[in-house]
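A.B. asks: Starting from the known structure of chain A, arrange chain B on it as the hints suggest.
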Amino acid sequence: MRILLVEDDCDLGPAIARALRAEQFAVDHATNGIDAAHLGETEHYHAAVLDLGLPGQDGFAVLRQWRDADRALPVLILTARDAWSDKVAGFKAGADDYLVKPFRLEELVMRLRALVRRAAGHARPRLECGPLAFETQTGQFELDGLPLRLTALEWRVLSQLMLHRGTVIERLDLLERVYEGDAEVDSNSLEVIVGRLRKKIGATLIETVRGRGYRLALDHP
Amino acid sequence: MRRLIPRSLQGRLLAITAIAIAIALLGRFAANGFDRRLSTELSLLASAVDADGRVDEKRLRRNPTHFEGWPDWQWQIRTPNRTVSSARFRDVGWPPPPPNAGPYGARTRTIQTKRGPVELVAAQPFGAHREPMVFAAPSFDMFMFLVIVIGIASFIQIRLGLRPLRRLRGELAAIRDGRAERLSEDQVSELLPLAKEFNALAATNEAALAAARLSAANLAHALKTPVATLALDLRDNPPAAAQVERIQATIRHHLTRARMQTGQRRPFTLLLPAISGVVDAVIRLHGERKLTIETELPMDLRLAVDSQDLDELLGNLIDNAARYAASRVVVRAQQETGDPRWVQLTITDDGPGISAEERQRIGQPGLRLDESGPGHGFGLAIVRELTALYGGSISLNGADGGGLTVQVSLPAAHGV
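The listed protein sequences derive, respectively, from chains A and B. Residue numbers for the first sequence follow numbering that gives the first Met the number 0, so the first one is 0 and each next one is one higher. Residue numbers for the second sequence follow numbering that gives the first Met the number 0, so the first one is 0 and each next one is one higher.
Bound conformation, chain A alone (with noise of 0.2 Å):
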């Protein structure tokens, strides 16, 4: 799961970055309205945290910006305002949560991992396929009831797998949806974590389309 971490203070926003990327995420971290705006229009993420007193323009701006180029991400506005007029200003705009400064990590967490599990269209929040199944509140991956211990590419390729299982994840989304935007990528580094993913889980759960992608088979035996 790739997030867009929108937060300009210079304590707080790197800590909130190491904080995610330890729970698995891919971070991509802006620090001001301006790249905010341009990264979120452009690349493709599973969720935005988005600060909203931001240098460049104010995060209700960005959050227009994204909505008016009709970009459903959806949105989590972190922020120290917690008058309830704000809150309904923040919905108002386009936001999905709303998480009010001071946070607890586990909260936030637990947030973002439920918006991007609504987002595909789940409504439970466990997924199941054959014998695999994805706790999303936790993150956690089971194999046959047994907890599956997986790096952190390895566990944003299958989340995406899981979270669209039966349909055809093109490679080249896959591949924007596990990297941070300043990874160096080889082409080849896909098969080598799918492949490492089939020697943990079985060879037969995770198919190759040729040409297009990878798809996670529904009607597994």
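By construction, these hints were calculated from the structure, which means they are not laboratory data. Note that beta-carbon positions come from the ideal geometry of N, C-alpha and C, so glycine has one too. Possibly wrong hints are sitting among the right ones.
Stated by the list, open to error - Here chain B is said to cover these stretches of chain A; the calculated rule only asks that three of the stretch's residues, wherever they fall, bring their Cβ under 8 Å from a Cβ of chain B:
1. 6–12
2. 87–98
3. 103–115
Unchecked claim - As a list, the in silico SDA-like pairs of lysine to any residue whose alpha-carbon atoms are at most 25 Å apart:
4. B:K289 / A:A132
5. A:K91 / B:R301
6. B:K289 / A:F102
7. A:K91 / B:S306
8. B:K289 / A:G138
9. A:K91 / B:P297
10. B:K289 / A:E134
11. A:K91 / B:R288
12. B:K289 / A:Q136
13. B:K289 / A:G120
14. A:K91 / B:I282
Claimed, not checked - A few chain B residues facing chain A, derived, Cβ under 10 Å:
15. A221
16. K223
17. A227
18. T228
19. L231
20. D232
21. E244
22. L254
23. A273
24. G276
25. K289
26. L309
27. E311
28. G314
C.D. replies: Leaving out everything else, chain B in the frame of chain A:
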């Protein structure tokens, strides 16, 4: 010390007018009364003198009313060969001083006869200028009639003249109720500077409030972000994290209070859109739960509550209810049937409800924001303080099927 000057403008103006009218009328009527009386007397005296300059004393005695019934009014007839006077006539020489000039005054007339000039003197009673009412008595009825007519006229004039003041008072009341923002500048010229000064003062106050609000918001941002960073860094150190938690709670408490106290108090808010906005926000904040929030209220209900305060009230009430509800929250609002000046807001959830003791604890007016922890308590404490700010009331009741019903009455915005 007793006040001699009336406290009301109307009273003062009336008193001044009454005194002025009394002085003018009295002086004039007394003078007129003397003059008329004195000339009547002169005519009577003249009629007692014949063409040969003889005084007909029988005739004088035939008019007792004028010459004996009024013993204070004196007279004298001076013919070339004799002088006839009333009993107490004071001779002060010739010519006597004119009437009203001092304690002694008289009018004179000279008649030419065959034997030479005859001088007639009609004198006012001695000292009459000090008690004109007593001696001008024959005109008293007319005087009273004029006093009443002029008195009524000036009363009407003062009522009309003070009407702009009453209108100004009405406009001020409208501002207080939130039906208007400024005094109109369509005022009489004496009140226009007052209206302008008031408007300028209101604008200054508003600017100061806005500045205070802004600095509270700035303080929030300035404090919360570093505290959020600290909280992230210290989350593996429970004792330190607990301290950070305390700092957070303190900031939250004081900022909430600061915001309440700087709120603008010229409120006028439509309830329906406010509730819709808050309900939408609460539904999204509880996006993970299956939650229905029903609302039931008249479209045009308006409250005399600042919109930010109303959002804060509704947000805390509905969010609280949503947090404890099993699946359903109902928000109702209606004008109180007995007293349309108040709007009754009812929020019901189907959650576990709270115990009677807890209900009493939370419902106590003495319980302050900083004494109530998170959850029901904190939200309801804010609600109670805000409600009190607007003179409303709050009560907590058990719902029919368990759950909690919170009833809040808030002032309706009337007029407009």
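A.B. asks: Confirm or reject each hint.
C.D. replies: The hints, checked one at a time:
1. 6–12: Result for this restraint: holds, n = 3.
2. 87–98: Coverage by chain B holds for the region 87–98 of chain A (8 residues, Cβ < 8 Å).
3. 103–115: holds (count 4)
4. B:K289 / A:A132: holds, 23 Å
5. A:K91 / B:R301: holds, 21 Å
6. B:K289 / A:F102: holds, 24 Å
7. A:K91 / B:S306: holds, 16 Å
8. B:K289 / A:G138: holds, 21 Å
9. A:K91 / B:P297: holds, 23 Å
10. B:K289 / A:E134: holds, 19 Å
11. A:K91 / B:R288: holds, 20 Å
12. B:K289 / A:Q136: Holds: K289 (chain B) and Q136 (chain A) sit about 16 Å apart, inside 25 Å.
13. B:K289 / A:G120: This hinted pair holds, its Cα atoms lying about 15 Å apart.
14. A:K91 / B:I282: Distance of about 13 Å is within 25 Å: holds.
15. A221: holds, 8 Å
16. K223: holds, 4 Å
17. A227: Result: holds, 4 Å to nearest chain A Cβ.
18. T228: Since chain A brings a Cβ to about 4 Å from T228 (chain B), closer than 10 Å, the hint holds.
19. L231: Hint on L231 (chain B): holds, closest Cβ of chain A at ~4 Å, below 10 Å.
20. D232: holds, 6 Å
21. E244: holds, 9 Å
22. L254: Constraint on L254 (chain B) satisfied, holds at 7 Å.
23. A273: holds, 8 Å
24. G276: OK, holds: G276 (chain B) within 10 Å of chain A, min 4 Å.
25. K289: holds, 9 Å
26. L309: Nearest chain A Cβ about 9 Å off; hint holds.
27. E311: holds, 5 Å
28. G314: Constraint on G314 (chain B) satisfied, holds at 3 Å.
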